[in-house]
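2 protein chains.
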Amino acid sequence: MSRDILENISAMLSQGKLAELREELCEMNVVDIAQAMESLPSEELLRVFRILPKDISADVFSYLESDSQTQLVSLITDSELENLLDEMFLDDTVDFLEEVPAGVVRRVLKKADSETRKIINRFLKYPENSAGSIMTIEMVELHDHLTVGQAIESIRATAVDKETVYTCLCIDEKRHLIGTVALHSLLVCKDDELISDVMDTDSQLIFVNTLDDQEQVADMARKYDLLSVPVVDNEGRLVGIITIDDIVDVIEEENTEDFEKMAMLRPSEDNYLKTGVLSLAKNRIIWLLVLMVSATFTGKIIENYESMLAAVAGLTAAIPMLMGTSGNAGNQVSTLIIRGLALGELSPKDYFKILFKELRVALICGVILAAVNMLRMFLFSSGGTYVALVVSGSILCAVTVSKIIGCTLPIVAKLIKLDPALMAGSMITTIMDMITLAIYFALANAFLL
Amino acid sequence: MSRDILENISAMLSQGKLAELREELCEMNVVDIAQAMESLPSEELLRVFRILPKDISADVFSYLESDSQTQLVSLITDSELENLLDEMFLDDTVDFLEEVPAGVVRRVLKKADSETRKIINRFLKYPENSAGSIMTIEMVELHDHLTVGQAIESIRATAVDKETVYTCLCIDEKRHLIGTVALHSLLVCKDDELISDVMDTDSQLIFVNTLDDQEQVADMARKYDLLSVPVVDNEGRLVGIITIDDIVDVIEEENTEDFEKMAMLRPSEDNYLKTGVLSLAKNRIIWLLVLMVSATFTGKIIENYESMLAAVAGLTAAIPMLMGTSGNAGNQVSTLIIRGLALGELSPKDYFKILFKELRVALICGVILAAVNMLRMFLFSSGGTYVALVVSGSILCAVTVSKIIGCTLPIVAKLIKLDPALMAGSMITTIMDMITLAIYFALANAFLL
Chain A
916 MSRDILENIS AMLSQGKLAE LREELCEMNV VDIAQAMESL PSEELLRVFR
966 ILPKDISADV FSYLESDSQT QLVSLITDSE LENLLDEMFL DDTVDFLEEV
1016 PAGVVRRVLK KADSETRKII NRFLKYPENS AGSIMTIEMV ELHDHLTVGQ
1066 AIESIRATAV DKETVYTCLC IDEKRHLIGT VALHSLLVCK DDELISDVMD
1116 TDSQLIFVNT LDDQEQVADM ARKYDLLSVP VVDNEGRLVG IITIDDIVDV
1166 IEEENTEDFE KMAMLRPSED NYLKTGVLSL AKNRIIWLLV LMVSATFTGK
1216 IIENYESMLA AVAGLTAAIP MLMGTSGNAG NQVSTLIIRG LALGELSPKD
1266 YFKILFKELR VALICGVILA AVNMLRMFLF SSGGTYVALV VSGSILCAVT
1316 VSKIIGCTLP IVAKLIKLDP ALMAGSMITT IMDMITLAIY FALANAFLL
Chain B
916 MSRDILENIS AMLSQGKLAE LREELCEMNV VDIAQAMESL PSEELLRVFR
966 ILPKDISADV FSYLESDSQT QLVSLITDSE LENLLDEMFL DDTVDFLEEV
1016 PAGVVRRVLK KADSETRKII NRFLKYPENS AGSIMTIEMV ELHDHLTVGQ
1066 AIESIRATAV DKETVYTCLC IDEKRHLIGT VALHSLLVCK DDELISDVMD
1116 TDSQLIFVNT LDDQEQVADM ARKYDLLSVP VVDNEGRLVG IITIDDIVDV
1166 IEEENTEDFE KMAMLRPSED NYLKTGVLSL AKNRIIWLLV LMVSATFTGK
1216 IIENYESMLA AVAGLTAAIP MLMGTSGNAG NQVSTLIIRG LALGELSPKD
1266 YFKILFKELR VALICGVILA AVNMLRMFLF SSGGTYVALV VSGSILCAVT
1316 VSKIIGCTLP IVAKLIKLDP ALMAGSMITT IMDMITLAIY FALANAFLL
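Here the protein sequences come in this chain order: A and B. Our numbering applies: residue 916 is where the first sequence begins, and numbers increase by one. Our numbering applies: residue 916 is where the second sequence begins, and numbers increase by one.
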């Protein structure tokens, strides 16, 4: 479908059917327009951008990838740039400026009026991933002495410039945030009621500080089913609002980061296809090296027992299965615990409950695995019954240890303020490789020699 | 803090300070009230529930866990149950009924009026994870011949019973969905404009079918930054709406499912702490067994080369490091690809672009790893230079193969309609164990014997 639109756009441009194209684009959702424009060559990109009505083109611009944004800004005139900045919401402008080359930022700041420039500069200074860096300032502010009728009137008069009108923020004379009220509630109230009587205050008032982590904002919005979260400065003065569409992006970003950490990748915010081969390699090589070098210990353990391995048939053959099984078992627990911690369903104080549970799960899984392994080795392995018994015994011990480690490491990480997501997958596997071999050789040494 | 509240509630109950408690609770957010009530003994749970004003108690009820809901419903009188059903939004009632024992469902259906009963029964029939199963019917419907002024008036008159008023759904005489309009836009319009002139229609109209997967709803909401998604039946008639708070829950659910699949866990929707040991074991043992038994092949490969391993010092010791490194390398790619597919940033048609990229990344990572390994073995290993060369050569080959497999399997899974998330972590590791050993022994056989 998107290919059809694309060919259509190119065809209409070349045939000069500009009015028709404009009409057709205006019928489309801005996200779809942006997506279709992504693949146009730069002259056509510029022509389509110019065909669109001003307000739509600003919306479309904010949905373009930063490459196309940079391209467009370098092609448009100064007055077009001024118009664009005027129409765009501040958080979109800041998002765009954070991604583009410094030259583009300078040109944009030069063209912005001095008030906007001051605000943009303040926004660009908020730390990455802070609440301040994702908020917007186009929100509804109400003084609490207004009536509901006056409030609705004032909202209607200014709504066109607001990013959201659905949560109204109540402030006092000094701009301190003293309450919030949902537009939904306002509409239900009588016109002559006072805002101060209908707003949520005190313990119902939920807000964040500019420097709070965006993850905290997402957790709050999810817990309280919020459409937006107000942001205050250190003095409790209202400075902005974060809307649910940006919060959804944060949720996906945080999830992606957890996936990447669990696979021992350095987190990256860039789209896979647009990331260069060198950056991809850089994001991966460090952990691959660390894990490889730490496998030196595993190698040392094997070297110590090389003569035993050579003497007893079937002993070496079981090594990959043992390491795999204990790694998989550990990975299962750590994933559950990491996810539970991330969603707030588990906390470090549940540790002993978790541990007791995991010990019982380990016993059940370990016994079943050990039994099936006896059968498996009886059918397929060259080792004798004693070797099979040692391997099964090792499975039971290794699975138990891996369940203990799998639930302990993420919680320890949480306690020492590391990201629990690091304690999964490859990390657990590497640790369990060593422990499993140590258990295996100790048992083999005791019973087979 | 939540512990303080809890002690406070118990103390106030036992001291009979009910009016005071009621006032204090009314100041709290309903989510926090529900959370505090979770840990109360059942008589106190009931007393707190009865103290709350009717509308608040219904809200609180919908945030309770299903255990507490079941408990409460068994304690309250029939008329209290009727009131509760009356105040609750339909999607919350359905959520609650889906989780509680059949006896409770029967009692609730008996107490619901016949209209509600019919609707509830229809909802309970929608397949799990379908759009129909998470929608609600308390929405704003507008006929397109109304004026904006009339529409706003009608919204204000009925808003108290609506779950959301921020997206209004425009229908024709036969209830076909013909457009949507955001309340935000309505407020900006003049009172005498017609709804038919201001609503989004045609290609701007975004909706789903009752039977569509909830994942599709989430993808749409994320892509188009929607606050809600309308739901239509097979004839295009409006039947409900899905709000962003439920969509956020779907997003987290789908992410959890992906995490679980990547760790080879059978997905479970239950809270970890509330899941029994047997269920936990059942969710894990199947894949552990499958992966263990498939490691038989790895064992066979080693058995074939047992004499070579016994003859050449240092050869066995490198096995864990080789398997670990190729597994980690494969896991890194597959995670990136799975995540890219899940977020819609990648699609199967990008396969050759991805493959070419991965081949280059593999070359860079493989060469660095091989070089560092030479150094590592030179310093720590008992094997000679030739063994080190064979091991390094195996690393280079195995990393390359693992990057190819890591990017291929998730895409193949997507093409044959399996969940790509299954092609990560433990699955890739187990496959790579076999391939890595085959490469290693082939090289060793060729160059060392």
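Warning: the hint list may mix true and false statements.
Incomplete in silico selection of chain B near chain A, CB under 10 Å [claimed, not checked]:
1) 1122
2) 1238
3) 1251
Partial pick of chain B residues on the chain A-facing surface, computed with a CB cut under 7 Å [unchecked claim]:
4) 1137
5) 1178
6) 1199
7) 1236
8) 1275
In short, the hints are calculated from the structure, not lab data. We put the CB at the ideal spot given by N, CA and C, even for glycine.
Status of the hints after comparison with the structure:
1. 1122: 12 Å, violated
2. 1238: 6 Å, holds
3. 1251: OK, holds: residue 1251(B) within 10 Å of chain A, min 6 Å.
4. 1137: 6 Å, holds
5. 1178: Holds. Min distance 4 Å.
6. 1199: 5 Å, holds
7. 1236: With Cβ-Cβ at 4 Å, under 7 Å, it holds.
8. 1275: Because about 4 Å separates residue 1275(B) from the closest Cβ in chain A, which is inside the 7 Å limit, the hint holds.
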